[in-house]
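Chain by chain, the residues run as shown.
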Amino acid sequence: MRASPIRWLSAEVLQIAAETPRVKTIRLAVPGWRKHLPGQHVDVRLTAEDGYQAQRSYSIASPPEEDGIALTVERLEDGEVSTFLTGELRAGDQIELRGPLGGYFTWTVERGGPLALVAGGSGVVPLMAMVRHRAAQASRIPMHLLCSWRSADDVIYRDELALLAARGDGLDVTHTLTRGAPAGWRGYTRRIDREMLLEILTGPDARPIAYVCGPTPMVESTATLLVSLGHAPERIWTERFGPTGGGS
Amino acid sequence: MMGEDVFRLDGNGAAGVLQEIFAVEMTTASCTCEGCGRVSPVGALHLYGGAMGSVLRCPSCEALVLCITSGPRGHFIELRGIMRV
Amino acid sequence: MITRGFKSTRLRSDPSRVPPGQYVTNDFPVLSAGPTPRTPLDAWSFGLRDVHEKELATWRWKDLLALPSSTVTVDIHCVTKWSKLDTQWKGVTIDALLEAAGLAPPTPYLTAFCDGGYTTNLALEDLLDGRGLVAYEYDGAPIEPEHGGPARLLVPHLYFWKSSKWVRGLAFMEDNEPGFWETHGYHLRGDPWKEERYAGD
Chain A
449 MRASPIRWLS AEVLQIAAET PRVKTIRLAV PGWRKHLPGQ HVDVRLTAED GYQAQRSYSI
509 ASPPEEDGIA LTVERLEDGE VSTFLTGELR AGDQIELRGP LGGYFTWTVE RGGPLALVAG
569 GSGVVPLMAM VRHRAAQASR IPMHLLCSWR SADDVIYRDE LALLAARGDG LDVTHTLTRG
629 APAGWRGYTR RIDREMLLEI LTGPDARPIA YVCGPTPMVE STATLLVSLG HAPERIWTER
689 FGPTGGGS
Chain B
80 MMGEDVFRLD GNGAAGVLQE IFAVEMTTAS CTCEGCGRVS PVGALHLYGG AMGSVLRCPS
140 CEALVLCITS GPRGHFIELR GIMRV
Chain C
8 MITRGFKSTR LRSDPSRVPP GQYVTNDFPV LSAGPTPRTP LDAWSFGLRD VHEKELATWR
68 WKDLLALPSS TVTVDIHCVT KWSKLDTQWK GVTIDALLEA AGLAPPTPYL TAFCDGGYTT
128 NLALEDLLDG RGLVAYEYDG APIEPEHGGP ARLLVPHLYF WKSSKWVRGL AFMEDNEPGF
188 WETHGYHLRG DPWKEERYAG D
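Residue numbers (my numbering), protein chains in the order written: chain A, 449 to 696; chain B, 80 to 164; chain C, 8 to 208.
Accuracy of the hints is not assured; some may be wrong.
Below, a list of computed lysine to any residue pairs in the SDA-like style, where the Cα atoms sit at most 20 Å apart [said to hold, decoys possible]:
| no. | chain 1 | residue 1 | chain 2 | residue 2 |
| --- | --- | --- | --- | --- |
| 1 | C | K88 | B | P151 |
| 2 | C | K14 | A | D526 |
| 3 | C | K14 | A | D498 |
| 4 | A | K483 | B | V103 |
| 5 | A | K483 | A | E544 |
| 6 | C | K91 | A | S458 |
| 7 | C | K88 | A | S458 |
| 8 | A | K483 | A | A584 |
| 9 | C | K69 | C | A107 |
| 10 | C | K88 | A | E497 |
| 11 | C | K88 | A | K483 |
| 12 | C | K14 | A | E528 |
| 13 | C | K201 | B | R152 |
| 14 | C | K91 | C | P26 |
| 15 | C | K61 | C | A107 |
| 16 | C | K14 | A | A539 |
| 17 | C | K69 | C | L105 |
| 18 | C | K91 | C | V25 |
| 19 | C | K14 | A | Q503 |
| 20 | C | K14 | C | W89 |
| 21 | C | K201 | C | E151 |
| 22 | C | K14 | A | S458 |
| 23 | A | K483 | B | E99 |
| 24 | A | K483 | A | V461 |
| 25 | C | K91 | A | Y500 |
| 26 | C | K14 | A | G499 |
| 27 | C | K69 | C | L48 |
| 28 | C | K91 | C | V79 |
| 29 | C | K61 | C | D122 |
| 30 | C | K88 | A | D526 |
| 31 | A | K483 | B | A102 |
| 32 | C | K14 | C | G28 |
If you anchor each label on the Cβ, the simulated ranges turn out as follows [as the list claims (entries may be wrong)]:
| no. | chain 1 | residue 1 | chain 2 | residue 2 | range |
| --- | --- | --- | --- | --- | --- |
| 33 | C | G147 | A | Q463 | 41 to 51 Å |
| 34 | C | L92 | A | G540 | 32 to 42 Å |
| 35 | A | E643 | C | A50 | 29 to 39 Å |
| 36 | C | L195 | A | T556 | 28 to 38 Å |
Note that these hints are calculated values from the structure, not bench results.
None of the values given here were measured: they were computed from a predicted structure.
Quick reminder that beta carbons are idealized off the backbone N, C-alpha and C, glycines included.
Could you put together the complete structure from these sequences and hints?
Here's what the structure looks like:
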């Protein structure tokens, strides 16, 4: 058991890019960064001049093969930290963070597969680190990613996921929209249910490793459905983001 | 389960404070619940408490497994059952 | 390290109205030490117990609603630093409960006990003279389960962890024995105006 004391680090914002109108990816340089595992997160702490502090956790979107880290943050209504990170923050700023955190919800190619990844909204962020890591390792481990979104405008990483899936190396990506779809949409248009999981994911006989991340109700109902389909509970890993889906 | 708790998190959310105190990665530590005997990794425990503290409970029976609060005079840690790190 | 450009969305307010270290919020954050209990009203009761756990008085839901009620508008202060001003609650004062039970309180201290096992300790004098209510309405409507419904204790002059959610009764005790959060380092009394957040403050 390796000692890994944790301390607050000062990270420099390199770049901020919009994924959707409400979601931005922040690229950071973190001196002293200990290489992370796909799925891990950081705690971000903001301090106002009057000493007021706010702290939230954000999953790392980038794979360990890249320098620095990327955080993908959704701006939540009334979210004091997410509003700051997606609004006021600019390149050149310093923010305090600590990490990488969380060895439970992690995957590397060494763990094998096949993989069943299920995301609700911003729950896709830690799973994207896993997708990107797999691609960086040129792995052919079968990986099925199912993402649930409210609307087509909410879908993040859409083009990159489509490009990666088009390689035909064993990555499959499926999206479902729960609040209506644009004309021409050929994906699912409903909440994740038993039938969808049966159709999309590798069945339990192949003993896939499942990672489920997103709002708490979605994670809990999906995990329950997976167990009811015969997946071993000890091969289902969950990360709950709370009521709204991530940070705030 | 006592019904849907949308505000519930899990042990992943306590990763920071746990590593701060124990100086090792703790979410993969395995806990045996004193109430029902279920064995869960810390990452799978139900997390409550918000900014008041980390109250980690068994995902099966909701019995308290680990409770951590942090104040100006240090951390208070309560552990029930057995934890293997 | 000060974060450039970060200003809290919570507002500092009039210090005569808002205790030290608090920030005013317009929302109503939800925080609990465990899952939300869902006790059906026909199974619900509120009891007063003596030091030997003997039931001194019990009220069913309809009994509680039949007692004289009070509607109060108060400010509430959470130890996690948010304060919410002018919140309206309806319920039964502890004075009215004691009177209905014909009880002289037997001890100076008590534990509020709740569905889910949560407890908090209180001095009786912090509940008398209208300072404490068993509340069943917030903002003119039944209290939502996530905010402590069907009934919660309301003791607004102390930090809000003392206003225990899902309250099911008060157990009198001789000594001021710490409840859940108090056992874990929070202050025994919790007066926000003296910033009694943690034991030893």
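A quick look at each hint next to the structure:
| no. | hint | verdict |
| --- | --- | --- |
| 1 | K88(C) / P151(B) | holds (15 Å) |
| 2 | K14(C) / D526(A) | holds (13 Å) |
| 3 | K14(C) / D498(A) | holds (9 Å) |
| 4 | K483(A) / V103(B) | holds (15 Å) |
| 5 | K483(A) / E544(A) | holds (17 Å) |
| 6 | K91(C) / S458(A) | violated (33 Å) |
| 7 | K88(C) / S458(A) | violated (26 Å) |
| 8 | K483(A) / A584(A) | holds (15 Å) |
| 9 | K69(C) / A107(C) | holds (14 Å) |
| 10 | K88(C) / E497(A) | holds (16 Å) |
| 11 | K88(C) / K483(A) | violated (35 Å) |
| 12 | K14(C) / E528(A) | holds (9 Å) |
| 13 | K201(C) / R152(B) | holds (17 Å) |
| 14 | K91(C) / P26(C) | holds (11 Å) |
| 15 | K61(C) / A107(C) | holds (18 Å) |
| 16 | K14(C) / A539(A) | holds (18 Å) |
| 17 | K69(C) / L105(C) | holds (17 Å) |
| 18 | K91(C) / V25(C) | holds (9 Å) |
| 19 | K14(C) / Q503(A) | holds (13 Å) |
| 20 | K14(C) / W89(C) | holds (15 Å) |
| 21 | K201(C) / E151(C) | violated (31 Å) |
| 22 | K14(C) / S458(A) | holds (19 Å) |
| 23 | K483(A) / E99(B) | holds (18 Å) |
| 24 | K483(A) / V461(A) | holds (18 Å) |
| 25 | K91(C) / Y500(A) | holds (17 Å) |
| 26 | K14(C) / G499(A) | holds (10 Å) |
| 27 | K69(C) / L48(C) | holds (9 Å) |
| 28 | K91(C) / V79(C) | holds (14 Å) |
| 29 | K61(C) / D122(C) | holds (18 Å) |
| 30 | K88(C) / D526(A) | holds (17 Å) |
| 31 | K483(A) / A102(B) | holds (17 Å) |
| 32 | K14(C) / G28(C) | holds (15 Å) |
| 33 | G147(C) / Q463(A): 41 to 51 Å | holds (49 Å) |
| 34 | L92(C) / G540(A): 32 to 42 Å | holds (38 Å) |
| 35 | E643(A) / A50(C): 29 to 39 Å | holds (37 Å) |
| 36 | L195(C) / T556(A): 28 to 38 Å | violated (48 Å) |
Checked against the numbered hints above, the structure violates hints 6, 7, 11, 21, 36; every other hint is satisfied.
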